[in-house]
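> In the order they appear, the protein sequences are chains P and L. Residues in the first sequence are numbered consecutively from 1, following the working numbering. Residues in the second sequence are numbered consecutively from 1, following the working numbering.
Since the hints were made in silico from the structure, they are not lab data. Ideal placement from N, C-alpha and C gives every residue a C-beta, glycine not left out. Careful, some of the hints might be misleading.
If you anchor each label on the Cβ, the simulated ranges turn out as follows [as the list claims (entries may be wrong)]: (1) P:K140 <-> L:V152: 15 to 25 angstroms; (2) L:V152 <-> P:R93: 34 to 44 angstroms; (3) P:S39 <-> L:R273: 25 to 35 angstroms; (4) L:F90 <-> P:S149: 30 to 40 angstroms.
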Amino acid sequence: MAKRIDVKDLDIYYGSFRAVEGVTMSIEPRSITALIGPSGCGKSTFLRSLNRMHEVIPGARVSGSVILDGQDLYGAGVDPVSVRRHVGMVFQRPNPFPTMSIYENVVAGMRLNGRGTRKAAMDEVVEGALQGANLWNEVKDRLDRPGSSLSGGQQQRLCIARAIAVKPDVLLMDEPCSALDPISTLAIEDLMDQLKKDYTIVIVTHNMQQAARVSDRTGFFNIAGTGQPGKLIEMDETSTMFSTPSNQATEDYISGRFG
Amino acid sequence: MTTTTTPTDLTAAEASLSQGRLPRWSTPATVAAVVVLGALAILVLDAPVPLVVGLGVLALLVALPALAWVVEGRRRANDRMWTVLVTIAFALALLPLLSLMITVTQNGLARFDWEFLTTDMRGVLGEGGGALHAIVGTLIITGLATVISVPVGIMTAVYLVEYGRGRLARAITLLVDVMTGIPSIVAGLFAFALFSIFFGPSVRFGIGGAVALSVLMIPVVVRSVEEMLKLVPNELREASYALGVSQWRTIVRVVLPTAAAGIATGVTLAIARVIGETAPLLIITGSTNILNTDPVDGRMSSLPIFTYYSYTIPGVPPEFGVERAWAAALTLFLIVMLLNLVARVLSRIFGSPTSR
Ligand SMILES: Nc1ncnc2c1ncn2[C@@H]1O[C@H](COP(=O)(O)OP(=O)(O)OP(=O)(O)O)[C@@H](O)[C@H]1O
Ligand SMILES: [Mg+2]
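Modelling step: build the complete structure from the supplied sequences, incorporating the hints.
In structure tokens form, the structure reads like this:
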């Protein structure tokens, strides 16, 4: 569990458009890494390249390397499907499977992969994942209700439970709280703090306070202008980034002078 | 940042937020008045009915908006006018359907009895007889057509929506479009030409009819399933991929179940679309008076063809044949209604996880 990621000279393209250019960074295990930056600078694109999710989009490709504990995710013969089993993802908008109950949603990763096991073992996984996602007490009496019957914040925590039920090494979160109220946001931030004991977490956020509150390290992405590729401007300990950033653009962005 | 605008160029009526409202009963009252006047005109003045109906509709079209204009203002007058127009269009569309239902039921009930449903026409010349052979034939032929079309159609749609890129996908889409427009008689000729290569020009059997109907049914299934698959949000596919699920399993376990309700409805409507086909079956399944349950051996009757022959060659005296024709039409009608009901039930069942 909890592996480190080393990204080297990563360029990401949509067709002929280069969306992200020359990113080199290391992501430490058992820590939370926050990615911030103005809209359209390629944060989501970069995040999705960490579990090869961007390949779902026709024409998208990368050059460079992403190394997960010594294994290049983009090496020859690497199966994107098994990459995603190790690097899970939580999306901006909660997306529980509408045809499945809460219970089925949590075990979806196993069931859909045809690895459903004995009922007792599944029950254990469901309880563990829901407790891990801080949702167990709210839903334990209605596990057979549809996932869509939950509130937005509960749905998002259900999605987190679903993602951790397959026991990934890394958890990617793309603005997981942007559709949520402050209380649910806090619940998810607490949750991330607990999860980082076992996982490597990368979170994209537009909320500076959130980045400052939860993350250990912060990376700032920026874009020179429309049509230009996004770049990683600076990456450091979160406390350093928010107090004494070494780059003027970072300081401007963090203090709200642009973006 | 508050700017105050002075409403100088608004009239007093426009500036006020509340306006006159017509009482709720005004519309039914107007309609009732027009109906009463029309009835009087017909009964007392002996005016021709179509003329009165036309004038009445016109009167409503003028009176309701005019009334609204005076009391409620322009926007509501507009609203009324379109409401009247839409209602009229709705009635126009519904009238033929209602009249059809009533006519078929009235004429069909005379012979829609147990004997009709349980006997065939073996040795029947005048009274009596039934359509068992036609009902069974229709069910077998349409059932086989469904068995052929649904897998082909669903798989084609899955290919087009989930995998298809570039040339091949465009070519298939074009072919499906062309297939949609094939006249049913051509589908029958196709099946006949195909099977007469192997079995000679006197070939007649049920499976041929099923193939002909499939030619008509596949494009309908492809189209409706395609639409349903496109409605499945991409987020669900991504959620599944992000769990390390392969594309194929995602399609089978997430996309298709999510679209199941719509697919079930689409398939049922496609069945309803072909179950009444006459022309292709005339060519390739022929017609017979006796029950034949073997789709690969010999002529097979079906409800549309039974109806057709019972009506055009009713025998002597003709009324028994004609009565059987109407009863067969009613049977077909009921089967289609039943299919629609089944579609609704299916979409309920597939709709949510709790109902399982
Ligand atoms: N599917 C796509 N096809 C083509 N270009 C895309 C696609 N998705 C994103 N892009 C482009 O890539 C660039 C980076 O987009 P991305 O979604 O990664 O930005 P972001 O930093 O996540 O922005 P936001 O903060 O608004 O979510 C943008 O210029 C965008 O237009
Ligand atoms: Mg984004």
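> Run every hint past the structure and note whether it holds.
Each hint, compared with the structure:
1. The beta-carbon spacing between K140 of chain P and V152 of chain L, approximately 45 angstroms, falls outside the hinted interval of 15 to 25 angstroms.
2. Range check, V152 of chain L to R93 of chain P: about 35 angstroms between beta-carbon atoms, so the 34 to 44 angstroms window is met.
3. In this structure the hint that S39 of chain P and R273 of chain L lie 25 to 35 angstroms apart at CB is violated, the actual value being about 48 angstroms.
4. For the pair F90 of chain L and S149 of chain P, the beta carbons lie near 36 angstroms from each other, so the given range of 30 to 40 angstroms is met.
Checked against the numbered hints listed earlier, the structure breaks hints 1, 3; every other hint is satisfied.
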